[in-house]
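These are the residues of each chain, in order.
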Amino acid sequence: MSSRISRRTLLRGAAGLAGAGALAGCSSDGNAQGSKAATTITYWDWYASQAGWVDNEIKLFQEAHPGIAVKKTTQVSDKYADLVSLAYRSNNAPDILMVPKSPQLSQQISQSWLLPLDKWATDSWQGRFPENSFVEGVDVFSGKVYTAPFAAPAPSLQLYVHHGVFKDAGLTNPDGSVKLPKTWDDVTSAAEAIASKSGGKVAPFGFGNSTNTTLAWWLDLFVRGAGTPGGAAVGGIDGMDYRVGKWTFGSDRNYLDVINLLLEWKNKNWFYPNSMSISDEQARAFFERGRFGMTVGGVWNQPEWTKHKFTDYSLVTLPTPTAGDPKALFYGPPGGKFVAVNAKTPHADEAWAWFDWLYSPDAGKRWVEQGQGLSVYAKNNDPKSVTFAPFAQYVAMSGAAVVGPQPTIRNPKVSAVQLPGVKPDINDVLAGVYTGQLKDPQAALNELTDKMNQALADAIKKAPGVSAKDFTFADWDLTKPYTTKPGA
Amino acid sequence: MVMTATVREDVTRAEPPRSAERRRARRRTYLWSYVYLAPMMVLLLVFVVYPIVASLGYTFYKWDGIGDPSDFVGLDNFRQIVHDSIFWRSLGHTFVYAAFVVPVQLVLALALALVLNNKKLRFASFYRTLFFLPVVTSAAVIGVVIQLLVSNFGDSINDLLMKLHLIDRHIDWLGDPHFALGIIILVGIWHTFGYNLVYFLAGLQTIPEELYEAARLDGAGRFATFRYITIPMLRAVGVVIVILAVIGTFQIFDLVQVLTSGGPFFATEVVNTYIYHLAFGGSNANAVQPDIGLASAASFVYGVLLIAFSVVQVVVLRSLAKRRGTGGIA
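Here the protein sequences come in this chain order: A and B.
For the first sequence, the working numbering gives the first residue as 2, with consecutive numbering after it.
For the second sequence, the working numbering gives the first residue as -2, with consecutive numbering after it.
Warning: the hint list may mix true and false statements.
[Unchecked claim] Dumping the calculated EDC-like pairs for lysine to aspartate or glutamate here, alpha-carbon to alpha-carbon at most 16 Å:
| id | chain 1 | residue 1 | chain 2 | residue 2 |
| --- | --- | --- | --- | --- |
| 1 | A | Lys440 | B | Asp81 |
| 2 | A | Lys202 | B | Asp215 |
| 3 | A | Lys452 | B | Asp81 |
| 4 | A | Lys73 | A | Asp56 |
[Claimed, not checked] What the simulated footprint calls covered on chain B by chain A, stretch by stretch (three residues with Cβ under 8 Å from a Cβ of chain A suffice, anywhere in the stretch; the number is not a length):
| id | region |
| --- | --- |
| 5 | 44 to 50 |
| 6 | 141 to 153 |
[What the hints assert, rightly or not] What the simulated footprint calls covered on chain B by chain A, stretch by stretch (three residues with Cβ under 8 Å from a Cβ of chain A suffice, anywhere in the stretch; the number is not a length):
| id | region |
| --- | --- |
| 7 | 55 to 63 |
| 8 | 172 to 180 |
Honestly, the hints are just simulated from the structure, not real lab data.
These numbers were taken from a predicted model, which means no experiment stands behind them.
In this text, a Cβ means the ideal position worked out from N, Cα and C, and glycines have one as well.
Isolated chain A, as found in the complex:
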């Protein structure tokens, strides 16, 4: 018996392997499975709870474009920026991708990551967007369009109220509806009622801070209501008070007041005890099960709860220290970013087709209908067309988010300012204060403020044609949309 392999056997084996490989290739391609499309484009996002909307759009897109298949990869959100960076370094970047939050968009463009879209994004295409949607330094760089806004400005955080817990605590109006807290005192009173009526079995508040982000959401939501426009945002120049062009964690009294309020609640054992170690997803599930009565989060909570048929909740935003309207709102830039096309894609036309589809008014309409958020197209955001009560509440509060100052419009050179990360950041400081490791919150806030302002000053020195004045908008009225004038 010969142990040698004949050429025919070898070829047969190779053919078998190739066939198996082809089959494996097809089976690993979730969205493009069984597709006979001539071109497959790769698409990356971090949309987990929004996956239903994306998958449906891919299905509809492929039906409308039989020659193109979209292979979607959803990456873990907190590692998305790293993965995109690594993909570019290894020449494996997708054809089209959600724009990562880091590095700054200007840097992604200077590194030739993204394709200018002017060939397709003509004036008439841009015309379907609201006015001021394409802004230099936001989605346009050196006069070229790279991405576009997808969602309308909306309150990014809300206080969610569990109806069952509130009703059990007797927190109802005479008509039987749940008494929603509007002020800090209302929230405190509601918490007191929950704690005493449940005998400590149900926590008034809860959050999931395992990724070290959600505790800052509480600070953000409450300080804005008190009139602090920067909130507690982290990353880039977010979180700055543009009235003075600086971070004001140490000098704005609202920060310390809210931190003291949170500590007071914590010392009364009103927070769900495992809040610092559970994830936001776990906190979402625990809220659903009524383990705590109030939590802070975004509209992304809602699709997940709807999937589990949990709809018995309400939401409020920007609770204020005393009765009245919030003294500051949520702010976004004019324009915006969502997806962009890889500069090195061999399938630019196909990638554009998918880009165009995602930005279509119809896709935006389905986005709103599915309760994912607000669309950049105002006609899609009519509260009357929304039947689901909690999402209707969210749509109705869209006035709590307006366009804020945008330094890059006044001086496009500002987009060259590369602000290094400052550690410990506001999330770290809050975790330190909450866990008792930082005994003096005011000192910690002062130190953070100094470090961040120093980092900005250092970054400005390295950016020619930029000064600290570029970040100051002294005439900003916090309760109204702000129009930044070029070169003013």
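Chain B: place on chain A using the hints.
Just chain B, lined up with the frame of chain A:
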């Protein structure tokens, strides 16, 4: 001595092979040694030496990992690391982790190895496999499972402990800075305990049975046998186990990253997670600009500290060995 001298004499008296032939034979022998060593050397050069040399270059730049480094900052990164209290705190946590894990793990592993080495023990292989299982399980998987257990059943664990009057308040095991590192240490002990168990078992099996028989005949009890036979005979392998265990604990990363990501407020940050967070932009989901230069400087400083620690460790072990008169490293 006499025999050895005679043999040497015979060798010198024999016709010496010609030097060229001898060289060729030696080369042939060495060549094969080099061939066998080559794959390991290539891997070492590519994955150990090259990154060390390359990262040394990055230490002089402010660089976020995108494009080529161009912002030369000299020794600023080193200055920043040396003055960063979080770095020293992380280093402290790493040493605390090692200080608890190594001795506890070694004592437990030795005790269990003695039990499992008993020839009369039934199902010894089954127990061995059972204790080794955590080692072959990914630290990431263990971390996720422990995190879920603690968060989902944390209430029940707390209730039970409160009923037993062991604690007087609910504890967030991974979110409380007083307990989080302790939990990581406990999980760390359990996770890699199997390695040391197997090493000790292997060491125990090299001890000749005759020594124990002779001791028994001389009337030695169990403790005396352990004290005067097992311990001295395990000394050489024991030193290797200690060194490996110390090196292993200084490499702690995945368990911390999955369980706490170094939090809350750096209460469980170890040097490797500290470096990772610098290199990949923050310890959370926020977009914080990564700093490869600073991370490289931190790696370099940590490397130097570890080399210094290893040198001290070897010197101490050598001096102890000399004092005992055993020679060699042990």
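So, going through the hints one by one against the coordinates:
Annotation: proposed proximity of A/Lys440 to B/Asp81 is violated, straight-line Cα distance about 19 Å (limit 16 Å). Among the hinted pairs, A/Lys202 with B/Asp215 is inconsistent with the structure: their alpha-carbon atoms are about 66 Å apart, more than 16 Å. Between the alpha carbons of A/Lys452 and B/Asp81 the distance comes to roughly 13 Å, so the proposed pair stays at or under 16 Å and holds. Straight-line distance between C-alpha atoms of A/Lys73 and A/Asp56 comes to about 8 Å, which keeps the hinted pair within the 16 Å bound.
Counting residues of the region 44 to 50 of chain B whose beta-carbon sits less than 8 Å from any beta-carbon of chain A gives 0, not enough to reach three: the coverage restraint is violated. Note: the region 141 to 153 of chain B has 6 residues with beta-carbon separation from chain A under 8 Å; the three-residue rule is met and the coverage holds. Only residues whose C-beta sits within less than 8 Å of a C-beta in chain A count toward coverage, and the region 55 to 63 of chain B has 4 of them, enough to reach three; the restraint holds. A stretch counts as covered by a chain when three or more of its residues have a beta carbon under 8 Å from one of that chain; for the region 172 to 180 of chain B and chain A the count is 4, and the coverage holds.
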